[in-house]
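Chains as they are written, first to last, in numbering that gives the first Met the number 0: chain Y, 0 to 268; chain U, 0 to 270; chain B, 0 to 325.
What the hints contain is simulated information worked out from the structure, not anything from laboratory work. Treat the hints with caution; some may be incorrect.
[What the hints assert, rightly or not] SDA-like mimics (lysine to any residue), calculated; alpha carbons at most 20 angstroms apart, straight line:
(1) K272/B to Q302/B
(2) K9/Y to R125/B
(3) K27/B to M0/B
(4) K193/B to D140/B
(5) K310/B to A284/B
(6) K256/Y to R22/B
(7) K27/B to L83/B
(8) K204/U to A249/U
(9) K62/U to F44/Y
(10) K260/Y to D140/B
(11) K13/B to D62/Y
(12) K132/B to L83/B
(13) K13/B to E259/Y
(14) K13/B to M0/B
(15) K204/U to L263/Y
(16) K189/B to S242/B
(17) K260/Y to M0/B
(18) K79/B to F44/Y
(19) K309/B to R319/B
(20) K44/U to R174/Y
(21) K265/Y to A139/B
(22) K27/B to W203/Y
(23) K309/B to H215/B
(24) K256/Y to L34/B
(25) K44/U to L149/Y
(26) K132/B to K195/B
(27) K265/Y to K23/B
(28) K4/B to H215/B
(29) K44/U to K256/Y
(30) K265/Y to S67/B
(31) K13/B to R107/Y
(32) K193/B to L63/B
(33) K204/U to E259/Y
(34) K248/B to R231/B
[Unchecked claim] Computed list of chain Y residues with no C-beta within reach of chain B, every gap over 12 angstroms:
(35) I2
(36) T60
(37) L97
(38) L101
(39) G109
(40) G123
Cβ atoms here follow ideal geometry from the backbone N, Cα and C, with glycine treated the same way.
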Amino acid sequence: MWIAFSATFKRQLITMRRAYPWSFFIGHILDGVYITIFAYLSYHFIFQGQLNTQFVSYTGTSDYLSYVIMGGVFNSFAVSLLMIVSRMLINEMREGTLEALLLTPSSRLGYFLGAAIQGLMRSGIEWLAIICVGLFFGLNLVAAHLALLLPIMIVLCFALFAQALVLGGFMLAFRDTYITQNTLFVIMTLVSGVSFPPQFLPDWIQGLSLIMPLYYGLELMRSVMTHAAPSSDILYHLLSLSTLGILYFAIGLLFMKRMEKSVLEKHFG
Amino acid sequence: MMKMLTICQAEMRKSHRHNFNNRLIYFSMFLWPIIQFINAYYAFKPFNLGQNSPLSRFVPVNKLGLFLITGCIAYIFFWSLVQSAWMMGYERQQGTLELILLTPASRTLIMFSRAAANLIEAVWMFSIFAILTIFFMGGLHIAHWWLLPFAVMVLLLSAVVWGGFLNTIFLFSRDAGFLYTLFEAPMEFFSGVRMPIMAFPIWAKVIAFVFPLTFVLTILRAIVMDGKTLGSICIPLIELAIILIALTAASFILVRYAEKHAKETGNLTFF
Amino acid sequence: MLEAKHLHKSYTLKEKNGWLSRRKQQIKAVNDLSLTIEKGEIIGLLGVNGAGKTTTIKMLSTLLAPTSGTISIDGINAVKQPELIKRRVNMIAGGERMLYWRLSARENLMYFGRLYGLNGNTLKQRCRALIDKVGLTEFADRPVERYSKGMKQRLQIARGLINDPDYLFLDEPTLGLDAPVARQLRVLVKSLAKEKNKGILLTSHYLEEVEELCDHVSIIEKGHLLLQGTPRRIIQTIVKDRSLIVVMKTLDKENWHWLKQETDKLGIHAQKKETNEGTRVDMKATFDMTSSFLALAQKRNLQLIRFDAKKPNLEDAIIRLTEVHD
Ligand SMILES: Nc1ncnc2c1ncn2[C@@H]1O[C@H](COP(=O)(O)OP(=O)(O)OP(=O)(O)O)[C@@H](O)[C@H]1O
Ligand SMILES: [Mg+2]
């Protein structure tokens with residue numbers, strides 16, 4: 000597994016250096032930046048800083064801009080990571096290398112992890128870029144539970160990785176990337192509390208946020224980076240996120256295995 | 000004109016065949032915009048939307064829904080054409096673009112016909128959704144009934160010109176996906192789809208006036224929300240007309256140039 | 000030894016008819032096929048388009064699971080233990096697929112090598128050796144997207160050899176290659192079998208290639224085995240007709256009558272035609288008639304300008320076979 004991991008990591012690194020996917024890169028950064036600018040303009044120029052009292056009671060903070068900018072930052076991060084991992088196999092299929100890959104007796108998990116860790120470098124750069132922009136538009140970072148930052152980040156990445164496996168399975172099943180990924184992303188952005196707390200939504204839509212790692216990730220990240228939340232909340236969210244991650248991981252691995260087989264059968268050429 | 004109709008018909012038949020098989024259009028032109036519309040609506044929820052809301056300086060709070068849905072529908076018209084231009088990338092990859100340029104039909108005509116043909120195909124679903132939504136929300140205020148078809152015509156015409164221009168631009172570019180991301184959000188953002196541009200600071204207003212969609216939206220909203228008459232919107236109408244003429248002229252010049260460039264470098268197939 | 004017994008493979012095609020209902024349709028791509036490949040042997044798999052060659056190769060290389068039947072390679076069950084088999088086999092397909100275009104030749108080989116569990120210096124050396132072997136030394140560090148078709152194909156071969164497989168499956172490896180490159184490839188394949196003692200299965204639509212390389216040939220049609228044997232045997236059993244074309248300056252009526260009578264006696268069917276070269280006689284028989292005709296010609300002292308004895312080849316055999324079965 001280690002060799003497959005490092006080989007894939009290196010391969011992706013070379014590919015990235017040789018042909019950087021600029022349009023995805025810029026796209027993800029812009030997505031985050033637009034959410035930021037939108038929040039900034041509405042907050043200052045349309046509403047003159049006047050918030051709804053419900054917002055404060057739902058979120059426990061009156062710092063609207065930090066709330067939304069964090070939403071934009073992590074939404075882009077999640078989208079980027081999900082895309083990188085989930086599109087791996089279907090890209091191999093399109094480029095015609097899937098068979099050559101499956102001919103080898105290598106570990107599939109190592110392969111995906113290699114891609115994910117390499118992708119993390121890319122997503123990380125985008126993430127930093129958006130945060131930097133956010134700082135200009137009123138993102139206030141306070142280090143509330145700094146020690147928790149790293150573990151939370153790791154759990155979030157794991158959960159997103161696991162979700163990406165499931166998403167990748169669907170992509171292989173539908174033989175499509177664009178529709179599948181974007182349908183997930185528009186729903187994810189709506190329900191995960193990116194630019195408004197999901198409590199505003201009708202109950203039945205709100206329920207969807209419970210299966211989105213991004214929702215928990217955002218709650219957690221906000222409570223360690225922008226405003227202090229009670230530790231019991233943090234613990235609860237961290238636990239939910241881990242459980243969700245493990246669940247997705249198990250489903251994702253099984254699903255991928257199945258789809259691999261069926262792709263080989265249905266794929267001409 | 001007859002020529003344009005034939006080409007238009009051919010393109011329409013082709014894109015119908017094409018899109019009917021791929022479900023993309025149902026998602027990107029119907030499902031996603033609806034979810035994004037809902038998202039836009041709820042994004043206002045954290046703010047003060049009460050009686051004394053600062054929003055009412057630009058839009059009456061009770062017409063926020065109408066404001067957003069008119070924005071969305073106009074946006075969809077324009078957006079669908081960005082997408083159809085993006086599809087040119089695929090035609091280029093499959094080499095069919097080269098085949099099209101092999102025919103004697105006028106290039107610019109093809110670009111505009113393509114836009115017109117794809118427009119109808121793409122927007123009818125969301126249009127129905129929007130009309131139903133407006134119907135249930137109420138709040139329409141129109142001075143003369145004939146201004147409504149007039150507004151629709153303005154919307155259609157400017158969308159086609161915009162689409163033809165985009166098709167031409169995408170003739171050039173190797174990585175059309177890049178332009179796609181560059182056009183997607185700014186257009187939604189700065190044209191006042193989700194926010195009244197009157198509230199923007201100067202720098203944002205300057206960006207706003209790059210997009211013809213801004214003027215179309217101003218006109219559309221003035222007609223359906225504020226009950227303005229033709230006389231009182233003639234200034235934005237003239238501005239829009241100037242922009243459309245400029246875009247058409249630019250398309251003509253660019254097509255010439257693109258074809259010349261392609262002949263020299265053969266880069267139409269180089270992807 | 001690789002042994003495949005009673006392989007079956009059927010694909011399920013789901014066809015949409017109407018909005019929701021779907022009709023399932025079974026396509027039998029391979030139907031009761033048995034094969035053996037010994038080490039050091041080159042086996043040819045022939046058949047028209049869609050006969051099931053690629054499907055067979057994919058099953059042998061564990062990419063596809065057979066619907067029924069067994070495959071065992073050196074005593075290991077390939078269906079049950081694909082991981083073990085994958086180390087011992089590899090597959091090379093014609094065309095430009097199965098390579099990472101953004102990587103260079105060396106990077107491609109290094110990547111695949113690692114996926115086979117190779118590492119460090121062994122891998123580096125093997126990559127270098129393979130690159131030299133397929134003659135890509137000069138271009139080793141150039142991205143594959145800038146390679147020509149032939150170069151990509153050669154790199155594919157290097158990729159197929161990266162794990163030093165005992166059995167190698169080649170699916171139309173010379174597709175689209177020019178004559179000298181195809182020739183080099185054939186030499187390489189031959190040496191792999193004869194010197195390195197690898198078992199090789201080869202499909203190709205170039206029959207001379209198969210005739211030249213293969214020790215045994217299996218001809219399949221619609222997934223079913225039609226014939227198996229050495230190329231010579233197959234030609235002999237299928238193509239009974241041989242032809243002989245002779246051109247003479249003149250052939251008078253009397254001589255022609257005599258010739259006709261004599262050939263009829265021997266069971267040769269002869270026909271005369273006047274051409275601007277002279278008089279041409281076309282003869283057909285089920286045996287080699289060269290010597291008997293020469294004896295006749297000597298008797299009457301016939302002056303021959305041209306003498307063509309056409310040897311039947313595998314191509315005739317295949318065409319004959321498929322004609323019979325259609
Ligand atoms: N993935 C698939 N799904 C359904 N049917 C398939 C699939 N792959 C192949 N077939 C069918 O199985 C049959 C055998 O195909 P196969 O690709 O093995 O033929 P082949 O002998 O390699 O042909 P060619 O000489 O054209 O390469 C064909 O009828 C083909 O249509
Ligand atoms: Mg084949």
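field: Satisfaction of hint between E259/Y and K13/B, Cα-Cα up to 20 angstroms
entry: holds, 18 angstroms
message: Would the hint linking K79/B and F44/Y be met if the CA-CA limit is 20 angstroms?
response: Violated: K79/B and F44/Y sit about 67 angstroms apart, past 20 angstroms.
- prompt: Holds or violated: are the alpha carbons of K265/Y and K23/B at most 20 angstroms from each other?
  reply: Given that 20 angstroms is the threshold and the Cα spacing comes to 13 angstroms, the pair holds.
field: Distance restraint between K272/B and Q302/B, which requires alpha-carbon spacing of 20 angstroms or less
entry: holds, 16 angstroms
- request: Given the hint that K44/U pairs with L149/Y, test it: the Cα-Cα distance must not exceed 20 angstroms.
  value: Since the Cα atoms of K44/U and L149/Y sit roughly 32 angstroms apart, the hinted pair is violated (cutoff 20 angstroms).
task: Would you check whether the claim that L101/Y is not at the interface survives, using Cβ distances to chain B and the 12 angstroms cut-off?
output: violated, 6 angstroms
- request: Mind checking the alpha carbons of K27/B and W203/Y for me, to see if they're no more than 20 angstroms apart?
  value: violated, 48 angstroms
task: Take a quick look at whether K44/U and R174/Y sit within 20 angstroms of each other, Cα to Cα.
output: This hinted pair is violated, its Cα atoms lying about 38 angstroms apart.
- request: Take a quick look at whether K4/B and H215/B sit within 20 angstroms of each other, Cα to Cα.
  value: holds, 17 angstroms
- prompt: Between K27/B and L83/B, is the straight-line Cα distance small enough, at 20 angstroms or below?
  reply: violated, 28 angstroms
query: Are the Cα atoms of K260/Y and M0/B separated by 20 angstroms or less?
result: Not OK: K260/Y and M0/B at ~27 angstroms, beyond 20 angstroms, violated.
Restraint status (C-alpha distance of K265/Y to S67/B at most 20 angstroms): Roughly 18 angstroms separates the two Cα atoms, so the pair holds.
Hint violations for this structure: numbers 3, 4, 6, 7, 8, 10, 11, 12, 14, 15, 16, 17, 18, 20, 21, 22, 23, 24, 25, 29, 31, 32, 33, 34, 35, 37, 38, 39, all remaining hints satisfied.
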